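**Student:** Oh and the sequence shown: position 171 is 171 in the UniProt record's numbering, straight run, nothing missing.
Read the hints as simulated data drawn from the structure, not as lab findings.
Where hints are given, some of them may not hold.
[Claimed, not checked] Cut-off 27 Å, straight-line C-alpha distance, at most; resulting in silico cross-link-like pairs (DSSO-like, lysine-lysine):
| id | residue 1 | residue 2 |
| --- | --- | --- |
| 1 | K190 | K377 |
| 2 | K158 | K141 |
| 3 | K131 | K141 |
| 4 | K131 | K118 |
| 5 | K131 | K148 |
| 6 | K377 | K184 |
| 7 | K141 | K151 |
[Stated by the list, open to error] Derived CB-CB ranges, DEER-like:
| id | residue 1 | residue 2 | range |
| --- | --- | --- | --- |
| 8 | T176 | N142 | 40 to 50 Å |
| 9 | L69 | A106 | 46 to 56 Å |
| 10 | E51 | R77 | 34 to 44 Å |
| 11 | R89 | R133 | 55 to 65 Å |
| 12 | S200 | E222 | 27 to 37 Å |
| 13 | L135 | H175 | 50 to 60 Å |
| 14 | D192 | L359 | 14 to 24 Å |
Since we're looking at a predicted model, the values are computed, not measured.
Don't be surprised by glycine CBs; every beta carbon is placed ideally from N, CA and C.
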Amino acid sequence: MFGLNHSPYFDRKGLEMLKIILIHSFTWREVPDLITCVADLHFNKQKLEEENNKLKLALESLEDANSQLSEDCTELRLQIKSAHQAIMRTNLLKEELEELKISMNASEEQKTMIVAQKKQLEAENRALILKIRILREENAKNIMDVYKLEKTIEELSKTEKQHQVSTSQMLMQLHTYENALLNKDASLQKKDLSIEELKSTIIEYESIIENLRGEKDKLAHELQHLQQELIVNGIQLNVSGEHKSFNSEGEKSLHCELILAQSAENNETKWQCNLISLSSLDTMMDQEMLLLLRELEQKGVEFTAMLQKLHEDVSEVETLIDSSLQWVTNPEITVEEKWENKLTEFKYIKEEKLNLCILMLNSLRNHKESLDKEFAKLIEILKRFRLEYFYFREEFLPR
Numbered sequence: 001m002f003g004l005n006h007s008p009y010f011d012r013k014g015l016e017m018l019k020i021i022l023i024h025s026f027t028w029r030e031v032p033d034l035i036t037c038v039a040d041l042h043f044n045k046q047k048l049e050e051e052n053n054k055l056k057l058a059l060e061s062l063e064d065a066n067s068q069l070s071e072d073c074t075e076l077r078l079q080i081k082s083a084h085q086a087i088m089r090t091n092l093l094k095e096e097l098e099e100l101k102i103s104m105n106a107s108e109e110q111k112t113m114i115v116a117q118k119k120q121l122e123a124e125n126r127a128l129i130l131k132i133r134i135l136r137e138e139n140a141k142n143i144m145d146v147y148k149l150e151k152t153i154e155e156l157s158k159t160e161k162q163h164q165v166s167t168s169q170m171l172m173q174l175h176t177y178e179n180a181l182l183n184k185d186a187s188l189q190k191k192d193l194s195i196e197e198l199k200s201t202i203i204e205y206e207s208i209i210e211n212l213r214g215e216k217d218k219l220a221h222e223l224q225h226l227q228q229e230l231i232v233n234g235i236q237l238n239v240s241g242e243h244k245s246f247n248s249e250g251e252k253s254l255h256c257e258l259i260l261a262q263s264a265e266n267n268e269t270k271w272q273c274n275l276i277s278l279s280s281l282d283t284m285m286d287q288e289m290l291l292l293l294r295e296l297e298q299k300g301v302e303f304t305a306m307l308q309k310l311h312e313d314v315s316e317v318e319t320l321i322d323s324s325l326q327w328v329t330n331p332e333i334t335v336e337e338k339w340e341n342k343l344t345e346f347k348y349i350k351e352e353k354l355n356l357c358i359l360m361l362n363s364l365r366n367h368k369e370s371l372d373k374e375f376a377k378l379i380e381i382l383k384r385f386r387l388e389y390f391y392f393r394e395e396f397l398p399r
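From just these sequences and the hints, can you work out the full model?
**Tutor:** Right, dumping it as C-alpha cells:
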C-alpha cells in the first residue's frame, strides 16, 4: 500500500477510489490510520508531481539541447562541406596558377613574336603606303582612260546604229537576192518546159523523117522506073546507087537534064515538081534548124551570164559585210557584251544566208550543167537529123 504512494503515475481519481475502497473494507478503528496513509499518499503525490514537473522541464531542456546539437551538427556538416569545397577550390586554383604560369611563358614568347611581327608589319605598312600612292596615281590615269572609253563607247554606239541600218539594208539585199534566185528557178522551170517541148518536136521530126524515108523509097522506085523508060527512049543519065557528097553544081546539072528530059517524056513533069518541092523543103528545114540552134546557144549564153552576175552580186555582199565587220575584230576595241551578242547573231544570220545563197547557186550550176547536157544532146540529135536528111537528099538525088 505504501508502494503506491511512491508511484509517479498514481493520480487523484485513483486515490479517491482507493480511499472509498479502504473505507468500506476497514472498520472504524482502522480509519485514522487510513487517513494518515491517505495524507501521506497525498503528500507523496505532490512530491511526485513536483518531481514530474522537474523531469518535464529537464526533458524540455534536453530536447532544446538536442535540437541545438542537431543544428550544430548540420552547421558542422555544412562547414565540412565548405571546407572540402575550399580545399577543392584551392587545388583548382593551384592548377590554374600552374596553367597561368605556362600561359604567361607562352604569352611572353608570343609577345616577342608579336614584336617581331609588328616590326615586319610596320615595314609592310610603309611599302603599302607607297603602293597606295602609286595606285592613286594609276587610278587617276584609269579615270582618264575611262572617260576616253566612255567617249569611244558613245562613238561605237553611233557606229552601232549606222551598222544596224547597214545590216537592215544588207538583209533587204539578201531578200532581193533570194527573190532573184526564186525568179531564176522559175525561169529554169520554164526552160525545162521548153526543153520538153523541143524533145516533143524532135520526136515529131523523127516521125517526119520516117515518113520521108518511106516517100524516098517510093520516089527512088519511081526514079528507077523513069530511068528505065529514059534508057528505052535513048536518053541516058549518069545515075549511081551509092551515097556520095552533094553540091550545088550537081543539083543544077541534074535539074537541067531533067528539064531537057521533059520534052522526051510527059511523065517527067511530075518528077520535076517533086524535085523543086524537095529543094524548097530542104532550104526551109536548114533555116529552121539554124534558127533553133542559134536560139539554144543564145539561151545558154544568157543563162551563164545570169549565173556569173549572181556570183558577182553574192561576192559583193560578202565583201561588204566583211568590210563592215572589220572594226569589230580589232583587239584594241572593247565593246559591251550586248553588242557582242548582237554581232555574233548577225554573223550567224549572215553565214546562214550566204550558205543558202551558195547552195542555191550550186543547185543552179548543177541545173545549168544538166541543161548544157540536154542542149548537147539536142544539138547531136539535130546534127544527126541534118546528116540523115543530107543522106536522104543524096539518095533521092544521085548523080
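**Student:** Work down the list of hints and note, for each, if the structure agrees.
**Tutor:** The hints, checked one at a time:
1. K190 <-> K377: The hint holds at about 19 Å.
2. K158 <-> K141: Holds, at roughly 26 Å.
3. K131 <-> K141: holds, 15 Å
4. K131 <-> K118: Holds. K131 to K118 sits at ~19 Å (cutoff 27 Å).
5. K131 <-> K148: This hinted pair holds, its Cα atoms lying about 25 Å apart.
6. K377 <-> K184: holds, 23 Å
7. K141 <-> K151: Between K141 and K151 the Cα gap is close to 15 Å, so the pair holds against 27 Å.
8. T176 <-> N142: 40 to 50 Å: Holds, since T176 and N142 (Cβ atoms, about 48 Å apart) stay within the stated range.
9. L69 <-> A106: 46 to 56 Å: At 54 Å between Cβs, range holds.
10. E51 <-> R77: 34 to 44 Å: holds, 38 Å
11. R89 <-> R133: 55 to 65 Å: 59 Å Cβ-Cβ, so the 55 to 65 Å window holds.
12. S200 <-> E222: 27 to 37 Å: Since S200 and E222 have Cβ atoms about 33 Å apart, the given range 27 to 37 Å holds.
13. L135 <-> H175: 50 to 60 Å: The hinted range 50 to 60 Å holds for L135 and H175, with Cβ atoms some 55 Å apart.
14. D192 <-> L359: 14 to 24 Å: The hint (14 to 24 Å, Cβ to Cβ) holds, given that D192 and L359 are roughly 20 Å apart.
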